[in-house]
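Q: Starting from the structure of chain A, add chains B and C where the hints point.
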Amino acid sequence: MNLGAFAPILAMLVLAAAFAVLSIVVSAFLAPHRPTRAKYSAYESGVEPGRLPQGERYPVKFYLTAMLFVVFDVEVIFLYPWAVVFRQLGVFGLVQMGIFVGLILIAYIYDWKRGGLEWD
Amino acid sequence: MPLMYPLVFAAFLFSAGVYGVLARRNAVMVLMSIELMLNAVNVNLVAFNAYLRDELVSGQVFALFVIAVAAAEVGIGLAIVLLIFRNRETVNIDEVDLLRW
Amino acid sequence: MHPLAQATTQPLPLPEVDWRAIAPELALAVAGVVLLLVVAFWPRAGRGVLAGLTLAGLAAAAALTVWNWDLERVAFEGAVSLDGITRYARAVLLAVGALATLMVAQGDSREGEPDDSPPEVFPLLLFALLGMVLLAAASDLLVVFIALEILSLSLYVMAGETRRLAAQEAAMKYFLLGAFSSAFLLYGIALCYGATGSTNLLEIADATGDPTADGTLLLAGVGLLAVGFLFKVSAVPFHMWTPDVYQGTPTPVAAFMAAATKVAGFAVFLRVFAGALGGLVVSWRPVIAGAAVLTMLVGAALAVVQTDLKRMLAYSSISHAGYLLVGVAAAATVPAGVSASMFYLLTYAFMVMGAFMVVQYVSRLGPPDDDAIGERSSLEDYRGLARRHPWAAGLLAVFMLALTGIPPLSGFWAKYYVFLAGIEAGLTWLVVVAVISSVISAFFYLRVLVVAYLQEPVGDPGAETAPGRTPALGVALGLAGLLTVAIGLAPEALIAAARSAERILG
Chain A
1 MNLGAFAPIL AMLVLAAAFA VLSIVVSAFL APHRPTRAKY SAYESGVEPG RLPQGERYPV
61 KFYLTAMLFV VFDVEVIFLY PWAVVFRQLG VFGLVQMGIF VGLILIAYIY DWKRGGLEWD
Chain B
121 MPLMYPLVFA AFLFSAGVYG VLARRNAVMV LMSIELMLNA VNVNLVAFNA YLRDELVSGQ
181 VFALFVIAVA AAEVGIGLAI VLLIFRNRET VNIDEVDLLR W
Chain C
222 MHPLAQATTQ PLPLPEVDWR AIAPELALAV AGVVLLLVVA FWPRAGRGVL AGLTLAGLAA
282 AAALTVWNWD LERVAFEGAV SLDGITRYAR AVLLAVGALA TLMVAQGDSR EGEPDDSPPE
342 VFPLLLFALL GMVLLAAASD LLVVFIALEI LSLSLYVMAG ETRRLAAQEA AMKYFLLGAF
402 SSAFLLYGIA LCYGATGSTN LLEIADATGD PTADGTLLLA GVGLLAVGFL FKVSAVPFHM
462 WTPDVYQGTP TPVAAFMAAA TKVAGFAVFL RVFAGALGGL VVSWRPVIAG AAVLTMLVGA
522 ALAVVQTDLK RMLAYSSISH AGYLLVGVAA AATVPAGVSA SMFYLLTYAF MVMGAFMVVQ
582 YVSRLGPPDD DAIGERSSLE DYRGLARRHP WAAGLLAVFM LALTGIPPLS GFWAKYYVFL
642 AGIEAGLTWL VVVAVISSVI SAFFYLRVLV VAYLQEPVGD PGAETAPGRT PALGVALGLA
702 GLLTVAIGLA PEALIAAARS AERILG
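Protein chains in written order, with the working numbering: chain A, 1 to 120; chain B, 121 to 221; chain C, 222 to 727.
Just so you know, these hints were derived from the structure itself, not from any lab.
The model shown is predicted, which means the values in this text are computed figures rather than measured ones.
Hints are supplied without guarantee of correctness; some may be wrong.
The calculated lysine to any residue pairs, modelled on SDA-like cross-linking and capped at a C-alpha distance of 20 Å, are [unchecked claim]: (1) A/K61 / A/Y108; (2) A/K61 / A/G116; (3) A/K113 / C/A266; (4) A/K113 / C/S338; (5) A/K113 / C/G267; (6) A/K61 / B/V211; (7) A/K61 / B/F205; (8) A/K113 / C/V259.
For reference, chain A alone in the conformation it holds in the complex:
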């Protein structure tokens, strides 16, 4: 095997690491150091940072949303194999997948109507 083919990748790695280290070192020396409260608070995409007092866990609603996501998301794994053989299965596959997705839709409507998607 010709290891020479990997030389550019190695060079890239070294360069990237050097750049990262250099930026940190240089900014530590050159940047003015004037801390304020706002600067030390966590950045949460412009949203007012939520306080998590000591030992506190995330609010339950995050878990609920995550749970719903997992349940609906994983159903996609049946769509991939179907997509691979979509043409051969033809109408038969389309009807079957329609039933499957329809049932998931009903579950979704149920969830929506019963307030599972409300944030507050």
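A: For chains B and C alone, kept in the frame of chain A given last:
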């Protein structure tokens, strides 16, 4: 690759899961250990599928179903754990002891 | 050419969809989905409406079961088989489902009180039944797994349906141990697939007859399958969850679990072990027989020391699982084992439902219990029941005597046929153990009757509140009592129907 490698790996994974279920107090960790066990099963199924050169790919199809059902199971499991946590402020299974084990 | 590209040029053989074969299952699924939508769009629908819709769905499924009664075939490329076990289990399960619907409809709130349990319990009941009926018909390990999960996931949620802490705790224990046992079952399925090259029970049956097959792998798989099934039917040493779960869950759900899960679990147990793995009977029979001995004796012995009726019924259900295991052990070589087990399931389902109905009725007497354990089911609450509520006490006596196996009630015939099958299979020693266990169990069943009939009520009888109107529970109690007595008086017709279940299509 010999069939033995994935089988031994799956056996280790499954054993780790069993150990976790038996040794962990936190219900969420127990849940994760059960997931380990299910994933060990998936490794087995896919390995056998490849070894048998199964034209119906039963093993892989089975693994897909295991993944989907495992997700549903985690959903329900987390829901139950959350329910308990809201009422008792604990998810440690040995502190949930109104009924004798 | 890339292998995938090559594959896509071949036409795919499409499976034949045999709608008629799974018509009852489809009816249950449609009814469940309709109820889910009703709950979503009309959350304030009364329990009566929901129960009515549930019963309508069950009636449709029952009608389709009758329509399919003479159908004997393997459908969906061997994934589902219609045979005696399927139709017998369907009939029993739908009847149990109807009784459970009545119990759930009754709930445990009295007039003027807000209802504690959410309306979702009705669609969940239908989904659980769908899983059970499908499990009894499953002829492929993939379908076995999916059906088992449909019923388990529904039951986990049903177990925690009320706000009682005990119910939530029961739900968590049921869930954790249920998922744990599912993983064992799956590992067993994976090993069986690896050893035989198929998940289809018919093909596994063929492969197990082949001496060149990999014996070690298959035996390990069969062992893990046995662990998984023994967990689900709550046999010793995998029974730890049963007492806590039955005690903690709301009584209607506990009754449904005790009756219906056993029917479905043993139907699939028979199909897989006596049917597909019948060729390996020499290997698995000692294991099943050993589990049967432990289950019968431990269940009966621990039931003796219980002071809570629901907990006692849980141990009693464990010991009944032991008698059923005698039937399973016999079934591989003696066809009568299959019919005796199916008949046992029929009688047991109604006896145990009836016993739980009496528990539900008695828990309504006395002030509502606010403590965490929740429902009143301590033996203390039954003192002097005969004087206060003679009808309830009378029915309690019928169910307790039937569970003991006193002739002429149905429980006697159930045991009789199972023991007969056991002796025919050469398992006389097992039957001797079963008889000893029956004698032990007579003690705790009769003790309940002593408490109800011979002891004075505690406290001031005036403090007791009225049970309120219980039309649904009354009908259910009447039906369960009638069936228990009627099956006992004329078992021949039903055992004949069970005989038609002896031929397992795999």
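Q: All hints, please: hold or fail.
A: Okay, the hints, checked on the actual structure:
no. : hint            : verdict
1   : A/K61 / A/Y108  : 17 Å, holds
2   : A/K61 / A/G116  : 10 Å, holds
3   : A/K113 / C/A266 : 14 Å, holds
4   : A/K113 / C/S338 : 18 Å, holds
5   : A/K113 / C/G267 : 18 Å, holds
6   : A/K61 / B/V211  : 17 Å, holds
7   : A/K61 / B/F205  : 13 Å, holds
8   : A/K113 / C/V259 : 11 Å, holds
In this structure, none of the earlier numbered hints is contradicted; all agree with it.
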